[in-house]
Amino acid sequence: MKFDTPKFMPGGDHFILVQFGDDASIDLNFMALGLTAAIKAEEVTGVVDTNPSYNSLVVEYESDDISYADLQTELAHLIDGLGSVENLELDSRLAYLPVVYLDPWTRDCVADYSEKIAPREYDPDFVADVNGFEDAKQLARIHSGTEHWVVAVCSTPGLPLMRALDPRCAITSPKYNPPRTWTTLGAIGVGGLSSSIYTTPGPGGYNLIGRTPVPLWDPRQRHPVFKDRVVLLDAADRVKFVPISEEEFEYTEARVADGSYEFNITAYQRFSVGAYKKWVSSLNQDGQF
Amino acid sequence: MIYDEPKFLPGGDRFIEMELGNELNFDLNFLVHSLSAKIREAEITGLIELLPNMASIVISYDPDLISFSDLKREVLGHYHNMGSLEGMELLSPIYYIPVLYCDPVTRGCWEDYCAKIGEKEYDCDVLVRLNNLDGYEQLARIHSGTEYWVAALGFYPGLASLIALDPRCRLTAPKYNPPRTWTAKGTIGYGGSVTCVYPANTPGGYQMIGHTPVPVCDMDQRLPAFSQDLALLRPGDRVRFFPVGQEEYDYVERRVTAGDYVHNVAHYAKFSIRAYHEWLETLDMKERF
Amino acid sequence: MALSVEVIKAGLETSVQDFPGRYGFWEQGFPPSGPFDMWSFRLANVLVGNGPEAAGLECQFMGPTLRFSEDCVVAFTGAEMNPTLDGEAFPMWESVAVTAGQVLACGFARVGARAYLAISGGIDVPTVLGARATFHMAGVGGMEGHALKDGQSLNVGAGAGAGAGVPGRRVKQDCRPAISDNKEWQIEVVQGPNDDWIADDGIERFLTSEWKLQARSNRTGYRLEGPDWIFADKASAKGPEHGEHPSNILDHGYPVGSINLCGQTPIILVNDAPSAGGFINPFTVPSAAFWKLAQSKPNDIYRFRRVSVDEAQELRRSIDRLCAVESIA
Numbered sequence: 001m002k003f004d005t006p007k008f009m010p011g012g013d014h015f016i017l018v019q020f021g022d023d024a025s026i027d028l029n030f031m032a033l034g035l036t037a038a039i040k041a042e043e044v045t046g047v048v049d050t051n052p053s054y055n056s057l058v059v060e061y062e063s064d065d066i067s068y069a070d071l072q073t074e075l076a077h078l079i080d081g082l083g084s085v086e087n088l089e090l091d092s093r094l095a096y097l098p099v100v101y102l103d104p105w106t107r108d109c110v111a112d113y114s115e116k117i118a119p120r121e122y123d124p125d126f127v128a129d130v131n132g133f134e135d136a137k138q139l140a141r142i143h144s145g146t147e148h149w150v151v152a153v154c155s156t157p158g159l160p161l162m163r164a165l166d167p168r169c170a171i172t173s174p175k176y177n178p179p180r181t182w183t184t185l186g187a188i189g190v191g192g193l194s195s196s197i198y199t200t201p202g203p204g205g206y207n208l209i210g211r212t213p214v215p216l217w218d219p220r221q222r223h224p225v226f227k228d229r230v231v232l233l234d235a236a237d238r239v240k241f242v243p244i245s246e247e248e249f250e251y252t253e254a255r256v257a258d259g260s261y262e263f264n265i266t267a268y269q270r271f272s273v274g275a276y277k278k279w280v281s282s283l284n285q286d287g288q289f
Numbered sequence: 290m291i292y293d294e295p296k297f298l299p300g301g302d303r304f305i306e307m308e309l310g311n312e313l314n315f316d317l318n319f320l321v322h323s324l325s326a327k328i329r330e331a332e333i334t335g336l337i338e339l340l341p342n343m344a345s346i347v348i349s350y351d352p353d354l355i356s357f358s359d360l361k362r363e364v365l366g367h368y369h370n371m372g373s374l375e376g377m378e379l380l381s382p383i384y385y386i387p388v389l390y391c392d393p394v395t396r397g398c399w400e401d402y403c404a405k406i407g408e409k410e411y412d413c414d415v416l417v418r419l420n421n422l423d424g425y426e427q428l429a430r431i432h433s434g435t436e437y438w439v440a441a442l443g444f445y446p447g448l449a450s451l452i453a454l455d456p457r458c459r460l461t462a463p464k465y466n467p468p469r470t471w472t473a474k475g476t477i478g479y480g481g482s483v484t485c486v487y488p489a490n491t492p493g494g495y496q497m498i499g500h501t502p503v504p505v506c507d508m509d510q511r512l513p514a515f516s517q518d519l520a521l522l523r524p525g526d527r528v529r530f531f532p533v534g535q536e537e538y539d540y541v542e543r544r545v546t547a548g549d550y551v552h553n554v555a556h557y558a559k560f561s562i563r564a565y566h567e568w569l570e571t572l573d574m575k576e577r578f
Numbered sequence: 579m580a581l582s583v584e585v586i587k588a589g590l591e592t593s594v595q596d597f598p599g600r601y602g603f604w605e606q607g608f609p610p611s612g613p614f615d616m617w618s619f620r621l622a623n624v625l626v627g628n629g630p631e632a633a634g635l636e637c638q639f640m641g642p643t644l645r646f647s648e649d650c651v652v653a654f655t656g657a658e659m660n661p662t663l664d665g666e667a668f669p670m671w672e673s674v675a676v677t678a679g680q681v682l683a684c685g686f687a688r689v690g691a692r693a694y695l696a697i698s699g700g701i702d703v704p705t706v707l708g709a710r711a712t713f714h715m716a717g718v719g720g721m722e723g724h725a726l727k728d729g730q731s732l733n734v735g736a737g738a739g740a741g742a743g744v745p746g747r748r749v750k751q752d753c754r755p756a757i758s759d760n761k762e763w764q765i766e767v768v769q770g771p772n773d774d775w776i777a778d779d780g781i782e783r784f785l786t787s788e789w790k791l792q793a794r795s796n797r798t799g800y801r802l803e804g805p806d807w808i809f810a811d812k813a814s815a816k817g818p819e820h821g822e823h824p825s826n827i828l829d830h831g832y833p834v835g836s837i838n839l840c841g842q843t844p845i846i847l848v849n850d851a852p853s854a855g856g857f858i859n860p861f862t863v864p865s866a867a868f869w870k871l872a873q874s875k876p877n878d879i880y881r882f883r884r885v886s887v888d889e890a891q892e893l894r895r896s897i898d899r900l901c902a903v904e905s906i907a
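Residue numbers (the working numbering), protein chains in the order written: chain A, 1 to 289; chain B, 290 to 578; chain C, 579 to 907.
If you're looking for bench data, these hints aren't it; they were derived computationally from the structure. Don't take each hint at face value.
Using 25 Å as the maximum straight-line C-alpha spacing, the simulated PhoX-like pairs for lysine-lysine come out as follows [claimed, not checked]:
hint : chain 1 : residue 1 : chain 2 : residue 2
1    : B       : Lys464    : C       : Lys761
2    : A       : Lys175    : A       : Lys137
3    : B       : Lys464    : C       : Lys790
4    : B       : Lys575    : A       : Lys277
5    : B       : Lys575    : A       : Lys227
6    : B       : Lys296    : A       : Lys278
7    : C       : Lys812    : B       : Lys296
8    : C       : Lys870    : C       : Lys790
9    : B       : Lys575    : A       : Lys278
Here's a subset of chain B near chain C, in silico, CB distances under 8 Å, partners left out [stated by the list, open to error]:
hint : residue
10   : Glu306
11   : Phe357
12   : Asp359
13   : Cys403
14   : Ser450
Built from N, CA and C at the ideal position, the CB exists for glycine as well.
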C-alpha cells in the first residue's frame, strides 16, 4: 500500500532511504523516479548519487555538505512539489532490443541446471503453464507485446529490472530454487512480476525465455552510444523486445563484435502517468495478444 | 522550407489551400497538425472541415457564413499565436504492426501486374538496388527499425501516409508507371519517401515490400479497435512495424478472421519536439541498421 | 402501411444520395459523395415537399424501373430519360401522384446525363458516417454501400414530407438548370490553388482551348483531352520529395472540383474523388458549375471561363435561391 506520507530512514552515515509504500504498485515507482528526476533538476547540494527501486529511493549524500535532517526536509519539499502521481511526466527513452525467444543457448543453460542441480521443465513451457497461456509461443508473443518499464538498474552492471506496462501482459512466475550457478550472457529472464536481462554470466534465479545479442553495458565505452554513459539503460526508460530469428541474432552479434552495431533507441518521448492510467482503464482486460 | 508566411490559395468558391511550406519535413508536418488542432478548437463560424496533409491544410468553408478574406485573417491570426515549435508536445499513441516482409501475397500481385500490364523488376529488388542495401533482411531491418509518424490521411479511407522519424531509415522508391489496378489489402507500400498500409483492395503505385494481416480500416467495425472509428490511424499517431515469420503471420491472420485480434497500441507517451531535435543531433547519419 | 419501392430494374449505376452529402470525415478519406447535379436534386425534394436533407435517387445515363407499393407523390428532374408511369409519359419537373402498384420506368437519357427521383418522405436507408449518400468505392451509405441492384426493395421514410407531397406542382422553366443536347459547354473555373505551377502561356492555352470529356469519366473523376500543359519553372525547381514529373507535388488535400493535372491528363475531381494525392490543381471548378459537369456526356466539349472567387460564390448563391419553394408554380 501507499504510505500517507513517505518514510525517511537513515542508511548508515551517508545514505537516506525514502520509501513511498510497501508493495509493488507501479505508482510507487513513478513517485520514486519522479523524485529522482527532481533531485537531478534541482541539483540538491550534497547529493552524491541516487538509486531508485520498486517503491523507494536511496540517496547517497556527503555529510560535510548537508545534514541528514536538512536533506530530509529538502526531499520532503521536492516530493510536495511533484503533486499527485497523475501529474507526473518523466523523460523516458524507448530502447528496441532484438530477442530470440525460445533460443537454443538458454535452453542449454536450463538443461545444464536440470542435469546438475535439480530436474526442471523447460522454462518457457513452465512459465506458459503457470500463466495459463496456450504455449511457449504465446508467452513470447505476450512478453514482446508490451513495453517494459525499467524500474531500476541494479544487481549487476546495467541490469534492467523491468515490469510490463500493459497489464494484459503481466507474467508471474516463481524463481529458481535453488538458483543457477551461471546464466547465459544476454539471457532474458522472468521472475516474480519482473523481467530482467543478464548482463554478466553469473548466478541467477529468473526463468530464461530468450536471449538478446545487444550489450547493456560497456565499461570500456567502445561504442558511441556509451560515449557519456557506461550502462545502456536508466530507470524510467522503457524496453520493447523485438522477436528475431537465430540468423538475425548471429548477424547482430557479428556487428556488435566489430563495433558497427547501431543501437535502436528513441529519446523524444515523455511518459505521462496521467495518460498511462487513462489508457490502462480503457483496456479490455479480457483481450490478449 | 517552411514559408515565412503561409500562402492562402483559393480552391473554387468554397475551399482554401493553406500552404505552410513546400517540403517533406517533420517539423512542418507537426506544425500543420498542431495548427489544425488549434483551428478546430477555435470553432470558426462558417468553417466546415479541415484536410491537413504533409505541408498544407485544405479548408472547406461556407461562403454564406464567412468570406475568403475573413477566414484567411482568422486562420492567420491563429497561426501567428502558435508560439514556438520547440515547446510543443503531443500525446501520440504508437501502434505496433506485424509484417511479413517480401511475402508471397505481394509477390503474387507483382506477378499479376507483370503478366497483364507490363514487365517490371520485383519490388523488393527495386528497394534494395536503389538504396544500396545488402538484401531483403536489411530492407526489413531498416524499414522496421524506426517509428513512423502519421503525416496525413487521404486518397482512400483509412490510408495513412507514414514518414520515418529516424532519418537513417529513410529509403526512396519510385512509383509504378502505369499504376496497378489492384493491391492486396494489408500490403505495406513504399513510394517516394513515404510508406503506407493499404486499407483495402485499391489501385496503387507504391512498391510493395511486405504484408500485414492486421486491418487498419474496417467498414463493418468488427474488431474492438474500430468500435469508435472506421480507421485505425490519425495524423500525429505513430506506427512501428516488426518483422514476423510465416507462422506468426498465420497466427495473427487466424485471430483477425476469428474476430478476436487485439491491436497493439500504447497510448501514454507525449511526443516532444524539443527532445526530438536533441535526439536527432545524437544520430550518426552515416550509420545504418 | 409503410411505402416500399421495388427495384425491378436497377438501371445503369442508380444510387441513393442526399444533399449536401457526407461531411466531417474528409480527413479520414471519405469524399462528400452526394448528388452530382445538386440543383436538379434539390428541386426534386422541393417539388414533393421533402426537407432538404431527404435522400433521393441519382440515375446515371439510364434510370431504373420501380414499383411503388403504396400511394405517394414522386418527382423526376434533371436529364430527360423518357420516364413512364404504367406506360404513360411521366412529366419531368413536376410532382406526380402515384398509386399503389404503379410502375415507373426510364430509358436512356436523351438530353443530359443524370436524373433525380424524389419520393415524398425521402428514401430511408441507414445513415453511415452521418449521411445516406453512397460512396461505392468504400461500400458506405446508400443501399448497402453500392448502387441499386435488381430485386432490392427501398424503404421510404414516414418523415416530415410524407403526406405533405402535393401533386401538380411544377418548377418554373427559368428556375431549372438549362440542360440541353448542345454538346458544347462553357464551364466556370476559379484560378488556383496551384496556378503558379503553370506558365503564363499555359494558363492562356487552358482558357482558350477546347477540352473533350473522355468516355472513361464518372463520379470519381472527369478526364479531359486537350493540348499539353506548359509548366512554370517552379514545377521543375523543387525538392525530390515532390516527385519527378512537373505535375507532381508533395501530397496535399484536393478541393472538390479541382482540375487535377496527372502528368498531362487533367481530371476534374468530383463527388467521389480521392481526398488527397500528389498532383497539382491549377484550377478549380466551383460548386455552381457542377450541374453542367453532371449533365454532360462523353465527347462533349468544354471551354473554361475564368471567374473570381467572389463571382463564383455569387453564382452559387443564385442557384441556392432557386432551390426553394419560390421556384414552384
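Here is what the structure says about each hint:
Simply put, B/Lys464 and C/Lys761 have alpha-carbon atoms about 37 Å apart, too far for the 25 Å limit, and the pair is violated. At roughly 20 Å between alpha-carbon atoms, A/Lys175 and A/Lys137 fall within 25 Å of each other, so this suggested pair holds. For the suggested pair B/Lys464 and C/Lys790, the alpha carbons sit about 28 Å apart, so the restraint of at most 25 Å is broken. As the CA atoms of B/Lys575 and A/Lys277 are separated by approximately 40 Å, the hinted pair breaks the 25 Å bound.
The straight-line distance between the Cα atoms of B/Lys575 and A/Lys227 is roughly 17 Å, inside the 25 Å bound, and the hint therefore holds. Between B/Lys296 and A/Lys278 the alpha-carbon distance is near 39 Å, which puts this suggested pair outside the 25 Å criterion. Using a Cα cut-off of 25 Å, the hinted pair C/Lys812 and B/Lys296 holds, with the two alpha carbons roughly 15 Å apart. This hinted pair checks out: C/Lys870 and C/Lys790 have alpha carbons roughly 14 Å apart, not beyond 25 Å.
Straight-line distance between C-alpha atoms of B/Lys575 and A/Lys278 comes to about 40 Å, which puts the hinted pair past the 25 Å bound. Taking 8 Å as the C-beta contact cut-off toward chain C, the hint placing B/Glu306 at the interface holds, the least distance being around 4 Å. Here the hint on B/Phe357 is kept, as its CB sits about 5 Å from the closest CB of chain C, short of 8 Å. Residue-level restraint check for B/Asp359 is violated (minimum Cβ-Cβ distance to chain C is 12 Å; threshold 8 Å).
Because the beta carbon of B/Cys403 sits about 22 Å from the nearest beta carbon in chain C, more than 8 Å, this interface hint is broken. With a cut of 8 Å, the hint placing B/Ser450 at the interface with chain C holds, because the nearest CB-to-CB distance is about 6 Å.
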